[in-house]
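Participant: Single-letter residue listing:
Number of protein chains: 2
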Amino acid sequence: MSTRTKVVDALVSTDYGKEITVKGWVRSHRSSKAVDFIALNDGSTIKNIQVVVDPAKMNEEDLKSITTGACIRATGLLVESQGKGQTCEVQAEEIEIYGLCPSDYPMQKKGQSFEYMRQYAHMRLRTNTFGAVFRIRHNMAIAIHKYFHEHGFYYFNSPLITASDCEGAGEMFQVTTLDLDRVAKSGKVEYDKDFFGKKTNLTVSGQLEGELGATALGAIYTFGPTFRAENSNTPRHLAEFWMIEPEVAFMDKKELMDLEEDFIKYCVQWALDNCKDDLAFLNQMIDKSLLQTLESVVKEDFVRLTYTEGIEILQQAVKDGHKFEFPISGWGMDLASEHERYLVEEHFKRPVIMTDYPAEIKSFYMKKNPDGKTMQGTDVLFPRIGEIIGGSVREESYEKLMSEIERRGMREQTYDWYLDTRKYGSCPHAGFGLGFERLILFVTGMQNIRDVIPFPRTPKNAEF
Amino acid sequence: MSTRTKVVDALVSTDYGKEITVKGWVRSHRSSKAVDFIALNDGSTIKNIQVVVDPAKMNEEDLKSITTGACIRATGLLVESQGKGQTCEVQAEEIEIYGLCPSDYPMQKKGQSFEYMRQYAHMRLRTNTFGAVFRIRHNMAIAIHKYFHEHGFYYFNSPLITASDCEGAGEMFQVTTLDLDRVAKSGKVEYDKDFFGKKTNLTVSGQLEGELGATALGAIYTFGPTFRAENSNTPRHLAEFWMIEPEVAFMDKKELMDLEEDFIKYCVQWALDNCKDDLAFLNQMIDKSLLQTLESVVKEDFVRLTYTEGIEILQQAVKDGHKFEFPISGWGMDLASEHERYLVEEHFKRPVIMTDYPAEIKSFYMKKNPDGKTMQGTDVLFPRIGEIIGGSVREESYEKLMSEIERRGMREQTYDWYLDTRKYGSCPHAGFGLGFERLILFVTGMQNIRDVIPFPRTPKNAEF
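Line by line, the protein sequences give chains F and U.
Position 416 (the first sequence) corresponds to 416 in UniProt numbering; numbering is contiguous.
Position 358 (the second sequence) corresponds to 358 in UniProt numbering; numbering is contiguous.
Any given hint could be a false lead.
[To be verified] Using 25 Å as the maximum straight-line C-alpha spacing, the simulated SDA-like pairs for lysine to any residue come out as follows:
1) U/193 - F/179
2) U/198 - U/405
3) U/146 - F/12
4) U/460 - F/178
5) U/254 - F/8
6) F/423 - U/113
7) F/188 - U/198
Simulated from the structure, these hints should not be mistaken for laboratory data.
With the hints as constraints, model all of the structure from the sequences given.
Facilitator: This is the structure we're talking about:
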């Protein structure tokens, strides 16, 4: 038996007449008297390789048992294919069955709903759609690491378990080793007996720790899991998701916008260059405008627009008869996703970097403009997604940061370590956050965020 | 003012006479009547650039205020250096102070103990040693992603919050949104009111989910945080650490050993090629044999040894008068770190891949040999570290896996989804786990695992 050839490699081979061995899962098996065709997939590509079997050469029962989902090895000659849509196929000399697949296989039928498949998240990985999604997800992670590495950023692992709270970012999960039954029985919560000796949570953002990294190593990025205990049952929310948070010393607002635009275009271009087959499939099956949207994002300059200008455009739209679900109440309001998407999809027809938001609707650590009203935020708004990146210049003045913490009634001592960056050799710096699954949604054309992470965690759901 | 040049780039520039701008933190400031020397570091390299200041050109008080830890910009001509150990320096025309550094700066003094610096984990990032460690940590992450990407593995994000338990891997942290004070008051633990509707924990391993990925996508790797709620206050244990867990369909024991050896040599070679300055520093300051150890690991073939042969060697060592703290009780015993290190450091003087352990001391999912006594494990033992990789072929037979789960008294229904991989198109496969911080310990020569992760989580410690 020859050593295994991956399907992705076999399909581009022109070594006709050579014996090869392929291994994988059966996607379909068609039988006739003279010949059997088995479409085999091994996950290395969305494409199957056709295995041609002479039924006379194989035990009839064995051949019949090779149904959709079964796992086999096929060894035989690689030959030029006569069939359409494929260049080569394997003329099987020998087939070994690794694992049969009973008929209650949940992915047996084609065209099941995504909702159905979510119940079998462990098996949906074997379908065309989810194979494509997770190969693209991999490629996006590689693009991210590659981009930052080549630009001199260091990968920085901020902690997951934390005793602090990135103010206002959302509700938190508690982490504990206390025995809850004992807590109930004794009527006491003894944090001194908890693992960390105090109340701890799962992080909602690695940014504050990322700033510690950036003000030492110059430029860092985090890329890790983040948690929100929000009871949101929507196609856009997960309780556990992955975030990318770069943070850069000595960066100003203009440079931050340049970084955001360059970075996200690099990722989308990487998908176009490296995920052609998977994108072609998704473009055909999921969203017919997918490729066009991706290509336009890398080609066009992003619009750079202040919040104030944005509000004016939205107010004009209302005057012109556009109906929004959430009203445009005027300057100072928080934009809803439909407002962001109106600007991007209808008004500009391009991604928008919106800047200089009212300080009141944004976080305490963001740098205020001299007007005292607005801050140096730089959020990127995308078609279909709305906000995909949230960024800002950070306030580097110890005094200003302290007075903002006091003004907001935050517990100052919790942020002692964070304030130290402003106390000792403070430096101007900036950064942004990107929700990884939002990027995957955009690049794959999928509609529901639960379908772009292998095992989604949502209210009442922590299966697998 | 010219745009900023990173110190790492300035130091290799030969554009003498050109105006450049560098920004960073002051590592030292020496004054004399005629000239001031400021050593500036911006985290892009362990090396400082020398900024030469003519005190006549600057306000005396301002110049005096630029102490160790202060953050400044210096603009001036890049000139060839007269001093030793550097090729160029900046003749400052203009200096801007971003942030002064008061004299209570905790990293003021040189030569503080690592224990002292751990209390200031947020500030230790600005020292030479920790700069080197975290640049190397970044490079190891990049090497890992690059290796797997180039070998056709897909990065696969296994869930952090889980309702299952990778049997026997260790004690777990509970994740909850129940209000503990209310639990204490009401005397009831109502899991139906918890976020996920049941008891959930932080994962101790992504392997089982990784197997779901591998048996669909062919080859995957996880690289993410993992948690153990073990009350171990040792230089080798963390409650929160990062794991790399590749899993490959159709891989046998020989191929698994080849993968382990090739992979880890690639990572070490990457450090030797890409972290020269940082390694030279650590070789000088932390471990004089560091470079030699790293070089020998990439050069030598790893010894491949069965557990049974290993026990015989250890028994012979005892006969020959070697004293172990933990006795060699004979076949069936679990090896302690000192036993592993004896084999690696004293007997073979090379890394060892130990195979075919007694099935009883290993996990339920590992494939047994035909002898019924041993299993197809492949652990890599390293100098200084002991076990750095734990790997095995996985049992692919549904019946054998079920009977092992029953024999061990595990709750079968918890593993339903895992067993489905064996029920539907089961395939031979194998994988391993590598503790990321163990690799960083090895590559940096650091002694304590708390010094190779930015913000260590250990019993009673979740600062920052």
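Participant: All hints, please: hold or fail.
Facilitator: Outcome of the hint check:
{"no.": "1", "hint": "U/193 - F/179", "in the structure": "17 Å, holds"}
{"no.": "2", "hint": "U/198 - U/405", "in the structure": "23 Å, holds"}
{"no.": "3", "hint": "U/146 - F/12", "in the structure": "23 Å, holds"}
{"no.": "4", "hint": "U/460 - F/178", "in the structure": "13 Å, holds"}
{"no.": "5", "hint": "U/254 - F/8", "in the structure": "23 Å, holds"}
{"no.": "6", "hint": "F/423 - U/113", "in the structure": "23 Å, holds"}
{"no.": "7", "hint": "F/188 - U/198", "in the structure": "22 Å, holds"}
Comparing the model with each numbered hint stated earlier shows that all of them hold.
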